Amino acid sequence: MTEATLRVWRGDRDGGAFEDYTVPTDEGMVVLDVIHKVQELRAPDLAVRWNCKAGKCGSCSAEINGAPRLMCMTRMNTFDPGEPITVSPIKAFPVIKDLVSDVSFNYEKAKTIPAFAARPKEADGTRRMYQEEVERVQEFHKCIECFLCQDVCHVIRDHDENKMAFSGPRYFVRLAALEMHPLDANDRMELIRAKQGLGFCNITKCCTEVCPEHIKITDNAIIPLKERVVTEFYDPLAWAKRRVFGRSGRGLPPAAAPGPSSPHSREPEPPSA
Amino acid sequence: MTETIDRHEYDVVVIGAGGAGIRAAIEASAQGARTALVCKSLFGKAHTVMAEGGIAAALRNVWKEDSWEVHFRDTMRGGKLLNNWRMAQLHAQEAPDRVLELEEWGALFDRTEDGLILQRDFGGHRYARLAHVGDRTGLEMIRTLQNHAVHKGIDVHMECTIRRLLTDGDAVTGCTGYWRGTGQLVAFGAKAIVLATGGFGKAWKITSNSWEYTGDGIAMALDAGADLIDMEMTQFHPTGMVWPPSVRGILVTEGVRGDGGTLVNSLGRRFMFDYIPDFFRKDTALTEDEADRWYTDKANNRRTPDLLPRDEVARAINAEVKAGRGSPHGGVFLDIASRRDADYIRRRLPSMYHQFKELADVDITASAMEVGPTLHYLMGGVRVEADTAATTVPGLFAAGEVAAGMHGANRLGGNSLSDLLVFGRRAGLGAAAHAASQRSWRRPDEAQVALSTREILAPFERPEVGEDPYQLHGLLQRTMQANAGIIRTEDELTRVLADIGKLRARALKVRVSGGRTYNPAWHLALDLLSMLTCAEATALAALRRTESRGGHTRSDFPATDLAWGSKNVVTRRRDGVLVLTDEPIPAPPDDLHRLLGDDAPEQARVEPELVIEAARS
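Just so you know, the sequences run in chain order A and B.
The first sequence begins at 172 in the working numbering and counts up one residue at a time.
The second sequence begins at 466 in the working numbering and counts up one residue at a time.
Watch out, some of these pointers could steer you wrong.
Said to hold, decoys possible - Below, computed lysine to aspartate or glutamate pairings styled on EDC-like, alpha-carbon distance capped at 20 Å:
hint: 1; chain 1: B; residue 1: Lys617; chain 2: A; residue 2: Glu279
hint: 2; chain 1: A; residue 1: Lys208; chain 2: B; residue 2: Asp933
hint: 3; chain 1: A; residue 1: Lys376; chain 2: A; residue 2: Glu234
hint: 4; chain 1: A; residue 1: Lys262; chain 2: A; residue 2: Glu380
hint: 5; chain 1: A; residue 1: Lys282; chain 2: B; residue 2: Glu624
To be verified - Incomplete in silico selection of chain A near chain B, CB under 8 Å:
hint: 6; residue: Cys223
hint: 7; residue: Ile267
hint: 8; residue: Phe287
Said to hold, decoys possible - A few chain A residues facing chain B, derived, Cβ under 7 Å:
hint: 9; residue: Asp197
hint: 10; residue: Met200
hint: 11; residue: Asp204
hint: 12; residue: Asp216
hint: 13; residue: Ala286
hint: 14; residue: Val305
hint: 15; residue: Val308
hint: 16; residue: Gln309
In short, the hints are calculated from the structure, not lab data.
Values in this document were obtained by computation on a predicted structure and should not be read as measured data.
The C-beta atom is built at its ideal place from N, Cα and C for all residues, glycine as well.
Kindly produce the complete structure, drawing on both the sequences and the hints.
What follows is the structure in structure tokens.
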């Protein structure tokens, strides 16, 4: 039987320190398995969030040797034997205890995004969409809300004061999913420009690199959203068309519920982080 | 020190935020009820997220021949006719509307060529019926419901564990529990409560279930006076991962077989052809050629036996392994690599590809998977009234896995997600209507609140040296795995009961250290009590049902007994002890009975020879 040493951050809001735990390991183990061994054998009150243990629920996010990872998808055999492995809570959010952080920021941001609103059905009562057009959005729907992209994003991680005005990559993915949804008739462009803080993102692609679902967050969600904002608000032709026809590119009337504010109420673009 | 208790009042409190709970909360709120949704994990992390294959609904997008009647028939036959026929009827009739409603709320299912929702083949379903998104349908469903619920004025209380239902001796008046993050106690006053707490798979060692699956809702309902039925009916999903040891039990979707994968033993034989029971012989291909043709031509061929209902496949795998024809790590092979091209596999089964690659170093487009049975689902649970999801306790409703009757003795794949939607909605309606009929909140009985408080805090207040909850949980899992598995005997079940008795005595001596802030040892000490209650109910019910049927197989009673085919085993708590009775299951009306086929119910049986062979070790 082999052994592994984890150097786990223990503490709470008032502070803490790393503690070393050496426990027996078995073939094929992931970091989360070893954390469970530590609970069972050494530190029964060690706090950790987890659910599916298969990379599908996004609960067990942590920083492993400083890198944002899912504990359940990080194999022990990817580390040098004998080398201690540090495990600490995700840094961008306040710690509750040990490896558990208070991620309520994300749930609050989710509330600020206007819901999906379906356009009317077709004459035959169906809603036809084609695989090619849904695939682009299905990529965004793969998001498991592990919030690793939020954790690694410099705008949030290094500048707590930005949190009010910046929703972060997870919610740009959500907004992109709504904006590119073939059936959605809601208009969120003014909100994206003025309230979600898209302009803060300077496309360093850190979020894309840590995404366990391999969603191309920067290339496929953030950059297209940025382009849409430019087209909608800074292209005079598109602006005029929008005034006449409502939401651009679809020839559909603007949605009634949570409506867009007027393009006249422009706020200055926030500075780049 | 007097303990302060956080107090809230709602018309409807929904406990559990998987598919059924969220759908119930959406409906209750839409009816005007002030609604709370309380869950042990973060919102959006419930077990529904693990569902892979799809949602069964006779949408008729792929096969026009499909209908709710055929779906009803498949569900009842899959459940070995032990189902509550009215639930199976409502489910089959309403599932298509519930799926289309998800699309209305933003879900994006895979599409047919002409732009409609694509449907895939699954075990026990006559036609390709499962609406799906690759192999991550549960994620799509929970996220769609979650995003929809966010704007509906529902108060979501995350990371809050409910431990006890309060009653006025008859009806529910609220519930008590604690916030996991702080350890603060909480009491909810409620006019109606919906249980959507799932099963208790975590009592077994090899399971697809997460830590949350500890049967809290079943145990609380039992304590509040509710009836349980069919607690002996446990589903072992035939295909869980078996290697490496740390991932043993993690689910491998039935979609692998739906999309062309086959089960193979160590001799290279597609052994499912050796395990076709008479009950399904008419609907099942008897040769490999016919089975392979069936994927593309359902009109002229019968279904591959790889897609027999889950109980049949799990028993067959168990028998192959015991006969020495298993894979190196004690499973069998599931091969799609040699049957479909790599692009197709990656497109249809992206998360299976990822899961095996990352966790087992296996490329499923190049080699076969090793799979074996894993405890997956509980068909039994809280008895409910079909139309309203009302339990036998006034004001208490139940939907999803915690409720029983819908799936009878065995659940078909894909029928769980549709169950959550159909009966989640009905439970929300039922609870809101009940709440509206109540003029005011009845003040919670403070003696019950105080008792619950003492129970919750007890693990901190016991003598310095106490029992270890992790060790006791391990012992419970060991005895359930060894003695309440796929094949059971009277001796084994008696041993389970003896073990549970000892473990309960020890569980009441658990001592936890550390504070109340996010303390998992404390959480487990309490969850363990729920698991022990449920495990006892399962062992007792399994002893009582002296036959083999669906998810309950007895090697000492290997035959299916016609007399048991029309009876539920009912479990109640009376004066502190569990009391079991057999009660008749209402027969379906003639028009529905005709749909079941001429051979029902006489042949709704497992094959005694197969049970005996499977038990031989």
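A quick look at each hint next to the structure:
1. Lys617/B to Glu279/A: At roughly 14 Å apart (the allowed maximum being 20 Å), Glu279/A and Lys617/B satisfy the hint.
2. Lys208/A to Asp933/B: Distance ~14 Å between Lys208/A and Asp933/B Cα, so the pair holds.
3. Lys376/A to Glu234/A: holds, 18 Å
4. Lys262/A to Glu380/A: holds, 17 Å
5. Lys282/A to Glu624/B: Roughly 18 Å separates the two Cα atoms, so the pair holds.
6. Cys223: Cys223/A check passes; min Cβ-Cβ to chain B is 5 Å, inside 8 Å.
7. Ile267: holds, 5 Å
8. Phe287: At about 3 Å, which falls below the 8 Å cut-off, the nearest Cβ of chain B leaves the hint on Phe287/A intact, so it holds.
9. Asp197: Holds, because the Cβ-Cβ distance from Asp197/A to chain B comes to roughly 5 Å (cut-off 7 Å).
10. Met200: Constraint on Met200/A satisfied, holds at 5 Å.
11. Asp204: For Asp204/A, the interface hint holds, since the closest Cβ of chain B sits about 5 Å away, which is under 7 Å.
12. Asp216: holds, 3 Å
13. Ala286: Holds: closest Cβ of chain B sits about 5 Å from Ala286/A, inside 7 Å.
14. Val305: Val305/A check passes; min Cβ-Cβ to chain B is 5 Å, inside 7 Å.
15. Val308: holds, 6 Å
16. Gln309: Given a least distance of 6 Å, the restraint on Gln309/A holds.
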